[in-house]
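In this text, residue positions in the sequence shown follow my numbering: the first is 1, and each later residue adds one.
Check before you lean on any hint, since a few could be wrong.
Claimed, not checked - Once the Cα atoms are required to be at most 27 angstroms apart in a straight line, the calculated DSS-like pairs of lysine-lysine come out as: (1) K42 to K4; (2) K62 to K42; (3) K25 to K62; (4) K25 to K61; (5) K62 to K4; (6) K61 to K4; (7) K25 to K4; (8) K42 to K25.
Because the hints were derived from the structure by calculation, they are not lab data.
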Amino acid sequence: LTQKGNSLNIEGMGRDNIAVANFMKSIEQFEPVQSVDLVSSKKTEISGNAVQQFNFACILKKGF
């Protein structure tokens with residue numbers, strides 16, 4: 001998670017594409033967030049488990 005001005009970058013991992021999409025929808029509903037864009041999403045493996053690695057770019061509303 002990094003923030004520069006009103007831009008917020010969120011990187012993480014989810015169980016699958018559906019989990020990543022649901023998380024993105026949750027972020028879109030958060031009051032300070034103006035918009036969320038999926039920058040990247042790729043399947044990877046960690047400790048033998050398949051996960052979906054993602055990166056979101058968010059724009060925050062003014063005043064937050």
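To see whether the hints hold, each was checked on the structure:
1. K42 to K4: 25 angstroms, holds
2. K62 to K42: Cα-Cα ~31 angstroms, so violated.
3. K25 to K62: Status holds; Cα separation ~20 angstroms.
4. K25 to K61: Holds - the C-alpha atoms of K61 and K25 are around 17 angstroms apart, at most 27 angstroms.
5. K62 to K4: 13 angstroms, holds
6. K61 to K4: 13 angstroms, holds
7. K25 to K4: 22 angstroms, holds
8. K42 to K25: 18 angstroms, holds
In summary, the structure is inconsistent with hint 2 from the numbered list given earlier, while agreeing with all the others.
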